Amino acid sequence: MDILRDKAGLEFKRDSQAKVVIKGGELVIERFYPMNLLQKLSLQKESVEDWREMVESIMIDWNYDGAVLQPAVVDIPGKDDLVKGAFKVPEDAGTIRVKITDLLSESWEGSVSHG
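Position in the sequence shown counted from 1, then plus 1013, gives you the numbering used here.
It is possible that some hints are incorrect.
As the list claims (entries may be wrong) - The calculated EDC-like cross-link candidates involving lysine to aspartate or glutamate, where the alpha carbons are at most 16 angstroms apart (straight line), are: (1) Lys1092 - Glu1069; (2) Lys1092 - Glu1066; (3) Lys1112 - Glu1122; (4) Lys1053 - Glu1119; (5) Lys1112 - Glu1069; (6) Lys1053 - Asp1028; (7) Lys1101 - Asp1088; (8) Lys1032 - Glu1122.
Unchecked claim - Derived CB-CB ranges, DEER-like: (9) Leu1056 - Ser1124: 28 to 36 angstroms; (10) His1127 - Lys1053: 28 to 36 angstroms; (11) Glu1059 - Gly1091: 17 to 25 angstroms; (12) Ser1120 - Leu1056: 17 to 25 angstroms; (13) Lys1101 - Glu1122: 16 to 24 angstroms; (14) Lys1101 - Arg1027: 30 to 38 angstroms; (15) Glu1059 - Lys1101: 29 to 37 angstroms; (16) Leu1116 - Lys1032: 18 to 26 angstroms; (17) Glu1104 - Gly1079: 20 to 28 angstroms; (18) Glu1059 - Glu1104: 37 to 45 angstroms.
Because the hints were derived from the structure by calculation, they are not lab data. No experiment lies behind these values; they were computed from the predicted model shown. All C-beta atoms, glycine included, are put in the ideal place defined by N, C-alpha and C.
Based on the provided sequences and hints, a complete structural model is requested.
Put into structure tokens, the structure is as follows:
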């Protein structure tokens, strides 16, 4: 591939981004941007109304130890359903680790402190 001549076919791998907050006792995923999937969709001229349409699964560990993700919540929707995007936080939650996997099986992971 000649990069200068074939710019239209050039794709850059980019990390996903997300905004996860705690509001009113719930862990809320406000936004999720799976950059590589969004890039593919824009090349195909497809638009997405709701970030949840691009998510394959969400896993939540309410007491992340910093090493091993041990999800207490696994949200894998059925064929015609979407992930929830909001989850009740247990009283004893500590460092909360969230893993979001998009339809290309690429993942974003991040932590939120509770309390």
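Results of checking the hints against the structure:
1. The hinted pair formed by Lys1092 and Glu1069 meets the criterion: a straight-line CA distance of about 10 angstroms does not exceed 16 angstroms.
2. Of the supplied pair hints, the one linking Lys1092 and Glu1066 holds, its CA atoms being roughly 11 angstroms apart against a limit of 16 angstroms.
3. The suggested pairing of Lys1112 with Glu1122 holds, with an alpha-carbon distance near 4 angstroms, which does not exceed 16 angstroms.
4. With a C-alpha separation of about 13 angstroms, the suggested pair Lys1053 and Glu1119 falls inside the 16 angstroms cut-off, and the hint holds.
5. At most 16 angstroms may separate the alpha-carbon atoms for a hinted pair to count; Lys1112 and Glu1069 meet this at roughly 11 angstroms.
6. For a cut-off of 16 angstroms, the pair hint linking Lys1053 to Asp1028 stands: about 14 angstroms separates their Cα positions.
7. For the suggested pair Lys1101 and Asp1088, the alpha carbons sit about 13 angstroms apart, so the restraint of at most 16 angstroms is met.
8. Between Lys1032 and Glu1122, the direct Cα distance comes to roughly 11 angstroms. Compliance with the 16 angstroms bound is thereby established for this hinted pair.
9. Between Leu1056 and Ser1124 the beta carbon distance is about 32 angstroms. The supplied range of 28 to 36 angstroms therefore holds.
10. At roughly 35 angstroms, the beta carbons of His1127 and Lys1053 sit within the given window of 28 to 36 angstroms.
11. Here the CB-CB span from Glu1059 to Gly1091 is close to 22 angstroms, well matched to the stated 17 to 25 angstroms.
12. The hinted window of 17 to 25 angstroms between Ser1120 and Leu1056 holds, with their beta carbons roughly 22 angstroms apart.
13. Distance hint check for Lys1101 and Glu1122: the Cβ-Cβ separation is about 21 angstroms, which falls inside the suggested range of 16 to 24 angstroms.
14. A hinted range of 30 to 38 angstroms for the beta carbons of Lys1101 and Arg1027 is consistent with their spacing of about 32 angstroms.
15. Range check, Glu1059 to Lys1101: Cβ separation about 33 angstroms, and the 29 to 37 angstroms hint holds.
16. For Leu1116 and Lys1032, the Cβ-Cβ distance of about 19 angstroms falls inside the hinted range of 18 to 26 angstroms, so the restraint holds.
17. At roughly 21 angstroms, the beta-carbon separation of Glu1104 and Gly1079 lies within the given 20 to 28 angstroms, and the hint holds.
18. At about 42 angstroms, the CB distance of Glu1059 to Glu1104 agrees with the hint of 37 to 45 angstroms.
The structure meets every hint from the earlier list without exception.
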